[in-house]
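Visitor: Got chain A; can you put chain B on it based on the hints?
Line by line, the protein sequences are chains A and B.
Taking the numbering used here, the leading residue of the first sequence gets 1, the next gets one more, and so forth.
Taking the numbering used here, the leading residue of the second sequence gets 1, the next gets one more, and so forth.
Worth flagging that the hints you see were computed from the coordinates, not collected in a lab.
Since no wrong hints were added, every one of them can be taken at face value.
Every beta carbon over 12 Å from chain B, so not counted as near; a handful from chain A, in silico:
no. : residue
1   : E31
2   : P93
3   : V270
Sample of chain A residues facing chain B (criterion: CB under 10 Å; computed from the structure):
no. : residue
4   : E90
5   : V143
6   : Y152
7   : R153
8   : A158
9   : G162
10  : I167
11  : M169
12  : C177
13  : G247
14  : H253
15  : R282
16  : P285
17  : F290
No experiment lies behind these values; they were computed from the predicted model shown.
Backbone N, C-alpha and C fix where the C-beta goes; we use that ideal spot for every residue, glycine too.
Protein chains: 2
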Amino acid sequence: MDKQQLPALGIDLGGTKIAAALVQGHTVVGEPWRVPTPQGPDKIIEALLELIEKFKKEHLIMGVGIATAGIVNPETGEVVGSTGNLPGWEGTPLKKIIEAKTALRVHVENDANAAAYGEVCASPHLQNKTCIVTVTLGTGIGVGIIIDGDVYRGAHFAAGEGGHIKISMENRRRCTCELWDCWEAYGSGRGLLATGWEMLEGVTDDQSRLAQRRAHLTNQDILEAAKDGEVLAQRMLEKWHEHVACGLVSLCHLLDPDVFVLTGGMSKFVDYKMLRDMVADRTLPRISKFLEIHPSLLSEAAGLIGAAELVLLEATRGDKPVRA
Amino acid sequence: MDKQQLPALGIDLGGTKIAAALVQGHTVVGEPWRVPTPQGPDKIIEALLELIEKFKKEHLIMGVGIATAGIVNPETGEVVGSTGNLPGWEGTPLKKIIEAKTALRVHVENDANAAAYGEVCASPHLQNKTCIVTVTLGTGIGVGIIIDGDVYRGAHFAAGEGGHIKISMENRRRCTCELWDCWEAYGSGRGLLATGWEMLEGVTDDQSRLAQRRAHLTNQDILEAAKDGEVLAQRMLEKWHEHVACGLVSLCHLLDPDVFVLTGGMSKFVDYKMLRDMVADRTLPRISKFLEIHPSLLSEAAGLIGAAELVLLEATRGDKPVRA
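Chain A extracted, bound-state conformation (with noise of 0.2 Å):
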């Protein structure tokens, strides 16, 4: 059998689930696995293996590609910067302890990065472009670079904290990294809600039916209300679309990519045309004429369809060996 044929395993580790899927041929194969996030390192570390060892006992594998939260260094597979959403998981070395314990080739990617490789493997349509910038509008927003069909990392491998970018100077939000005002403060799902918290200062419990939520106002409810037709929680929508606009406009002029692709949670709920037109308002002509953002077709699965590719990346080839 010929080794390159064979799948990976592709892992998503999020703050609160682990998501797991053989990868083959540029899609998922099989059924996926889910399991809840444990808490601290070492349980994090058990629950891998025991998914990897689920999925090494009825397939054959090329190895494994793990995309997780935080600054990861995908040389070492260490972890190397920190993340609120999977405390202590910094200076975790994973692609060593889980090589030593599986005798499969790993690679480590950062979420964000891993997302905007899947996509981008797995999308015909975003073939041989110079530059694709995934978004990934969940809690926080993460930011994928793909540069002449690589991953761009930086040089310290943190190009995909690009939801730290500062979107105003009025340090008005703080964001859950401790900076003030970046972009995933504001158009995130936890910005939709601080948004949502600000405009109903004032608002009295009979003006609004989120007023009567306000103690315990979610996204969901601003979403429903909105759908309803009740014009306060559109205007938030709306603001919120501003916000998400305004981090897109300085990656315009920055990057001058050829497409977005805006995937997570939140991003179901994203207005293409209302956005478009509003980041189009806000750029520069030459740049907004071409201007594209699509929703992902991979969705939930971009990124452990990206590490998965990553590693059968490596594998091909062969640039580092298999520590078996």
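Guide: For chain B alone, coordinates are given in the frame of chain A:
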């Protein structure tokens, strides 16, 4: 004589002057020339041809590299995007015209990109880096990005327009590009002056010597007053540093560069210690701990050196035939 050892002529075409010099061994050789930029595309081309003829008469040259404001397609050598500084320049097929008239190989490049490439070519400490970003602080702001030793131009050659990233959502300052709150509207020379005017609001003539100059205020006034210890002028300069820093912060999180190199007329007035501290305060520790911000070693020659180096590179690779 080995053709590859011949110098190239580098030309930097700015809104107010045209500078030209021979470039060989990554440095300017012989006397540079400067002429004022005439009005209108025809007159500019005439001036360029005159300059080239002058050098051609006295030297054997490999080709001509031209750095110009505006968005440039370096493959066709056409100015594809407008610039306020050179009215009517958009649409000029500059490479084609100059090659036809001079029978020399010509490379045309956006000035910010050329400056970045010149900086990297001429600086031994900038070799073999992942990402070098040069920021030209002049009347406006230009951004040049070098990734793995090559100019990063974006999908539509507009990556050099990084001065138009958005650093505020308040719609407080209109940029010369007609967009609101571009970095350039705050962090450039024009931005410092606007900050000066803003901070003079409500200040009476007896409170500040700058208030007396209100109608005719220049950056020179602000810089001199700050040097003489006037607190208000020092606050203006500090505020300008903050504005420069806020743009750099976005570049840090998105590109994670090895080094920022500052160039352009306004870069002479940067307090590097203050600027580094301001950027570090607003950047994720994982990125700020590696932060390097340096002044250019080439100053105003970076653009013409870069343009000349780019035509030498093309000649060496032989990837585009000389039309002669």
